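Trainee: So you can see what is in the structure, the chains are spelled out below.
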Amino acid sequence: MLIRSPKDWELPESAATPERDYLLRPRSSEPSFPRRDFLKAFGYGAAGFAAAALLPRRLAATTAGFPTRINPAYRDPALEPTAYEQITSYNNFYEFGTDKADPKVRANRGWQTEPWTVEIGGLIRNPLKLDANDLVSKMGGCEQRVYRFRCVEAWSMVIPWDGFPLAKLVKLADPKPEAKFVTFTTVHDPRNIPGQRSGILDWPYVEGLRLDEANHELAFIATGIYGRPIPNQNGAPLRLVVPWKYGFKCGKSLVKIDFVARQPRNTWQIMAPDEYGFYANVNPNVDHPRWSQASERVIGAGGLFGGRQRTLMFNGYEKQVAGLYQGMDLKRNY
Amino acid sequence: MSFVSKVLRSKPVIWTLIVLPGLWPAWPLFVTMDDTARTDPLKFILLHFGLMGCLLLVSVLSLTPLRVLAPKWDVALALNRHRRLIGVAAFAYALLHFSVQVLYQYDGTLAGTLDQLGRELQKPFQLTGLVALVILLVLAITSLHALVRRLGGRTWKRIHRLAYVAAALVAYHQVSAHKVFPIQVLWIFGPLVVLELARMWKSRTKVSEIGPDDTKSL
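So the sequences go chain by chain: E and Z.
Going by my numbering, the letters in the first sequence line up with residues 192 to 525, in that order.
Going by my numbering, the letters in the second sequence line up with residues 1133 to 1350, in that order.
Wrong hints could be hidden among the right ones.
Said to hold, decoys possible - Here are the simulated DSBU-like pairs of lysine-lysine, each with C-alpha atoms no more than 35 angstroms apart in a straight line:
1. K522(E) - K1143(Z)
2. K1204(Z) - K1255(Z)
3. K447(E) - K510(E)
4. K1311(Z) - K1175(Z)
5. K1311(Z) - K522(E)
6. K510(E) - K1255(Z)
7. K367(E) - K510(E)
8. K359(E) - K1311(Z)
9. K510(E) - K1175(Z)
10. K329(E) - K291(E)
11. K1311(Z) - K371(E)
12. K291(E) - K1289(Z)
13. K359(E) - K320(E)
14. K320(E) - K447(E)
15. K1175(Z) - K522(E)
16. K1311(Z) - K291(E)
17. K371(E) - K359(E)
18. K1311(Z) - K447(E)
19. K510(E) - K329(E)
20. K510(E) - K1311(Z)
21. K1143(Z) - K1289(Z)
22. K1175(Z) - K291(E)
23. K367(E) - K329(E)
Please keep in mind that the hints were generated in silico from the structure rather than gathered at the bench.
Since the model is a prediction, treat every value here as computed from it, not as a measurement.
In isolation and in its complexed conformation, chain E is listed as follows:
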């Protein structure tokens, strides 16, 4: 009788890392390898460029910093990430159409997000204009964080973002004492961005944060989703992510980050000031004039017909961010 004795290098099952501690990857069959890794493997020679030309266009975003490191401090096991296909097929990106199906189609019809230059300026000591990939390298690469995402339209997702903390960028910019706010400007290119040829919004799209909000540890610049370069429809190659605010605060495809002294007016506030404010903090007690914000539709939860949950104060980040708004009337500063 053969009795199998385990070798001393064999580890028991219990020693295995739980699956949720792995880097989150989409559950799709599509090959996912960032272009830069691919180029590295082949060198930057003619063969490399020829190979790059064969790669699907949607991978052509910021690719530095991949593969991502997981940041376990931002991986709440209670949060079940929304499927990659849903995050990348259900987008509000009015630059490419007002229907949620539009951006996935129209943002991938030749609109180039690589190379990409971003300008960091305003009241800072270190103004600079640089390539998005160089910026990511300067920030020390990418980390993955799983955040709740709450749209002002009362639906929500859970998204594994890859990117870097905005505070690092602020530190690099080195703001002067008179800088009190930061504005984030989305690309303006009506020739390649069809929605910008119509005047539905005041282009370019502008968002803003108070400097202390921008310096908060949760504020993030995303360059990827699920460990892959962020798709065009989700705001390639650089997108602001402020998880305790409504989704529209998260400006996409940023070309300019400005440090200013006075509170800027953001695009939706200009459009409808009684409906959208500067702060736009997720708040179940302050309704949108046209619909309730008390609860939200959870995308992808509860099977085909979905689920609904109570909306949390500051989107569940109350403990971390409530201090920023102490003594403020949140009903007036919506």
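Dock chain Z against the given chain E, drawing on the hints supplied.
Mentor: Chain Z in isolation, oriented as in the chain E frame:
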């Protein structure tokens, strides 16, 4: 009589035209497995039923002006035979739309769902939809043969003018559902407005042709 008008006189044809487009969401949801539609399927169905109700309401309201403006056009006459069916179908889709909305607000508990619905109905956006639904309900009930006879033509007609109020409320409701003005509202309600204006203009010229003085002398 043309072939088209012959086909349109048939009840089964109209029934098919009413029911089949309502089933359309099944195509992206289950056949082509469209990722966007499947991300929030209930919302997709909700919006589709709303749009169907809207289109049918506009269609049924267009039939009378069409007949007045083109009294000899056999297609308009054929369609006018189905006014009640199309009107009741508009109500049916509105009811489906509302039912899906209730389901959409369902959070697992009855109390939570009612609370959510109550909050939503305080907003003009949702309230206009509900009022329009109630109007359509009244119109559907008063379309029963027995009731039409009991009410008499005049009263019936007066009640059924509420359909125009419903249409205006639905237009507002549809605009409110969007963050920026939806162009579709113009192509859905625009033709109806044009038809109504044309009808008013036509009946006014008719009245002035006879004129109040002429009627006195008659």
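Trainee: It remains to establish, for every hint, whether it holds in the given structure.
Mentor: So, going through the hints one by one against the coordinates:
no.: 1; hint: K522(E) - K1143(Z); verdict: violated, 55 angstroms
no.: 2; hint: K1204(Z) - K1255(Z); verdict: violated, 46 angstroms
no.: 3; hint: K447(E) - K510(E); verdict: holds, 31 angstroms
no.: 4; hint: K1311(Z) - K1175(Z); verdict: holds, 16 angstroms
no.: 5; hint: K1311(Z) - K522(E); verdict: holds, 21 angstroms
no.: 6; hint: K510(E) - K1255(Z); verdict: holds, 31 angstroms
no.: 7; hint: K367(E) - K510(E); verdict: holds, 29 angstroms
no.: 8; hint: K359(E) - K1311(Z); verdict: holds, 34 angstroms
no.: 9; hint: K510(E) - K1175(Z); verdict: holds, 32 angstroms
no.: 10; hint: K329(E) - K291(E); verdict: holds, 34 angstroms
no.: 11; hint: K1311(Z) - K371(E); verdict: holds, 30 angstroms
no.: 12; hint: K291(E) - K1289(Z); verdict: violated, 42 angstroms
no.: 13; hint: K359(E) - K320(E); verdict: holds, 16 angstroms
no.: 14; hint: K320(E) - K447(E); verdict: holds, 9 angstroms
no.: 15; hint: K1175(Z) - K522(E); verdict: holds, 29 angstroms
no.: 16; hint: K1311(Z) - K291(E); verdict: holds, 13 angstroms
no.: 17; hint: K371(E) - K359(E); verdict: holds, 17 angstroms
no.: 18; hint: K1311(Z) - K447(E); verdict: holds, 25 angstroms
no.: 19; hint: K510(E) - K329(E); verdict: holds, 30 angstroms
no.: 20; hint: K510(E) - K1311(Z); verdict: holds, 31 angstroms
no.: 21; hint: K1143(Z) - K1289(Z); verdict: holds, 24 angstroms
no.: 22; hint: K1175(Z) - K291(E); verdict: holds, 12 angstroms
no.: 23; hint: K367(E) - K329(E); verdict: holds, 21 angstroms
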